[in-house]
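K.L.:
If you want the building blocks of each chain, they are given just below.
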Amino acid sequence: MRIKIWLVTMAVLFIIGGYAKLSLFTTMITSSAFILLSAWLWSRNSLKGVIYRRRWKYQRGFPGEDTSVRIDVENRKLLPVPWLQTNDTWTLAITPENEEMLKPSHLSQQRMLVNRYHLRWFERVTRSFEMRFRKRGIYETGPVSMEAGDPFGIFKHTQEAEKRDILTIFPELLPIGDLHLPLNNSFGDRRSRRRLFEDSNLSIGIRDYHPEDDLRRVHWKATARSGKMQVKIFQPISSRLFLLCLNVTTTSQPWLGINSELLEQLVKISATLVYHAYETNYSVGLISNGYLARADRPFRIAPGRSPQQLAHLLQALAAVTPYTSAPFENYLYNSLPHLPYGAALTVVTGFVTSQLCEALLRLKRYRSHTTLISLETTPPPELVGIRTIHLPFELAL
Amino acid sequence: MIKNLAKRITDNVNRVIIGKEDVIHRLLTAVLCEGHVLIEDVPGTGKTTLARALAISLGSSFQRIQFTPDLLPTDVTGLSWFNQKTQDFEFRPGPVMSNIVLADEINRATPRTQSSLLEAMQERQVTTDGITRLLPRPFMILATQNPVELEGTFPLPEAQLDRFLLRIIIGYPTQEEENAILERFRLDDPLLDLQAVTTAEEIIDMQQKRRKVHVEETLRDYVVRIVRATRQSPEIELGASPRAALALFQTTQAWAAIQGRDYILPDDIKAMAPSVLSHRLIISAQAQLRGRTVQEMIEDIISVVPVPVEK
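Protein chains in written order, with this note's numbering: chain A, 1 to 397; chain B, 1 to 311.
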């Protein structure tokens, strides 16, 4: 619209100059119109073929850890970009050492990473920034808004690129000693000499035949070689299952609000436990009555030991919020059919209610080992067959 | 000559497989290097069709083995059975005795059955009942793995993974390609009309010609530096082996030949490095936890190792 007004004005002035036979004036008007039109076309095409790319070294990490982000801006056309400003929406949870590098934003908990460039034809500029993970959660960087224009600075063109990256900051891990778990039996399982189940696909050796052995186990080739009946030994299936149940309720009554420090402590303890269990070769699962960020229901992660399992568990703990739909005890009852048989269960809670105690005693009938970790200031009651650990949480004043 | 052959084969396979020229060129690279390929992709992306089309185009025999947990080694290599009529043992060759073998979902079979392929892949022979039988030439194993379903699978051991020359991901087609697939397969199956465009003898001849592609000493050193850099990275628990260095060297020659050159460029090494190295590296648990992938690490290594320049 602005260019049309200018061109119409130029046209009117040109006509006036032509009518008044002012050749110098008409020449100047023509030159100005030409410059204006060129500037407008340049500005309009300045952002075509301009690519903005963010490349993180680590997109996941623990608070206090460093990462770096490499920003590539590329001009994939013949037309140079005399000036380019990129405004990248940035979260406060992942910031450089010098936070003043980020410019203020109208959005809360957000800042802007502003960069200015000058790009020739087919040029790429790369800039790296060191960042630090600050606070647990799942965060987004982007979108990025790009502004560019003509060399004269008359026109400006803006474009938004929906380039968003998801970054995960895991909960901080605590020293395992602080959780007062017994060293020789941290999660309640012991090694057993009895092998209940075997994997018939995995033969790990042979031994002499015993009368009680099934004839299908006989290793005929070894028997023919040795002249004595030999049977196959199969690898026992052993599963060490650990299930952590996190209660995110932080106050005894909903109208008392949310104690965010207590929630953080609950999440840190849970993260420490799942990390330690995974590192000691448990198949680890997690359930919680808390909603994940941007989700409308509580979550449940089945026990597993895949290479991605630990990342899934810690990501869930990074995203857990204090919002719940039902009391924790009800959630435990409803989850009972889904809980794997024989799993060592550990409940981490900020409050111990009588309903919770009842629920745990019921669960004990189906589980091999149950542990209750309470962060309440008063010690939890003694429950038969359930190990209780008291880690009182006091708000620092 | 290799370029012409590659073009003939690519055009022929493209009559069945829409697009994916890069994938076909990488398979041809493996053919020229007498190597084996691991294709890691989700179901329905055309792995079997691609393998069949390639086998027909090469004028080669093709067999498909569906790996399951109860598959025995003799189901792969073949076994001797007693013929009552002749009163003698007869050898019944297994599906591995073909020019191109598609080992579908190789990670579903037990390690014992997987290892029956080891001798075939490395020595190009199989030994049953003490008798060694040579496999036909050209010989290539195309093994597939589903990267999504890990329940009930037996991950390939590192020793076997290292024997695959390349790892390829086919990927989903673009929207235009997917539309073209529906149109192409609307009336009939183009695989049925596909004909051979070369012979086994020509392939063997091209494999010899591939070895003559010139590799400058500085570029040979560049290959070694890239491979050694994978062993020095703190984020990589197990780096690439000398076998990987040889694989990168040979595949770069083949890649250059397919592009029509009798010499290699640094760009050829950069193009082949991800396919050659990605399945041979084991990244550390801490790096994996922080979201690093093997592809990113290889890209970082390639960007850090200085490229030799002409003086």
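It should be emphasised that the hints constitute simulated quantities derived from the structure, not laboratory data. Be aware that a few hints might be false.
Unchecked claim - The list that follows gives simulated cross-link-like pairs (lysine-lysine, DSS-like), each with its CA atoms no further than 30 Å apart:
id	chain 1	residue 1	chain 2	residue 2
1	A	K48	B	K270
2	B	K270	A	K163
3	B	K85	B	K270
4	B	K85	A	K221
5	A	K135	A	K221
Said to hold, decoys possible - So, partial list: chain A residues that the calculated Cβ filter (under 7 Å) puts toward chain B:
id	residue
6	Y58
7	P80
8	A311
What the hints assert, rightly or not - Estimated spans, in silico, between C-beta atoms of each pair:
id	chain 1	residue 1	chain 2	residue 2	range
9	A	Y323	B	T68	41 to 47 Å
10	A	Q308	B	G59	38 to 44 Å
11	A	E100	B	P147	42 to 48 Å
Just so it is clear, CB atoms sit at the ideal spot from N, CA and C, and this is done for glycine as well.
K.L.:
State for each hint whether it applies.
P.N.:
Results for each hint:
A C-alpha spacing of about 29 Å is found between A:K48 and B:K270, which places the hinted pair at or below 30 Å, so the restraint holds. Under the criterion of a C-alpha separation no larger than 30 Å, the hint pairing B:K270 with A:K163 is consistent with the structure, at around 27 Å. This hinted pair does not check out: B:K85 and B:K270 have alpha carbons roughly 60 Å apart, beyond 30 Å. With a C-alpha separation of about 26 Å, the suggested pairing of B:K85 with A:K221 holds against the 30 Å cut-off.
For the proposed pair A:K135 and A:K221, the alpha carbon gap of about 62 Å is over 30 Å, so the pair is violated. Of the supplied interface hints, the one on A:Y58 holds, with its beta-carbon coming within about 4 Å of a beta-carbon of chain B, less than 7 Å. Because the closest C-beta pair between A:P80 and chain B is about 26 Å apart, greater than 7 Å, the hint is violated. At its closest, the beta carbon of A:A311 sits 5 Å from a beta carbon of chain B; the interface hint therefore holds under the 7 Å criterion.
Range check, A:Y323 to B:T68: about 46 Å between beta-carbon atoms, so the 41 to 47 Å window is met. Here the CB-CB span from A:Q308 to B:G59 is close to 43 Å, well matched to the stated 38 to 44 Å. For the hinted restraint 42 to 48 Å between A:E100 and B:P147, the CB-CB distance of approximately 44 Å keeps it satisfied.
Hint compliance for this structure: hints 3, 5 and 7 are broken, all remaining hints hold.
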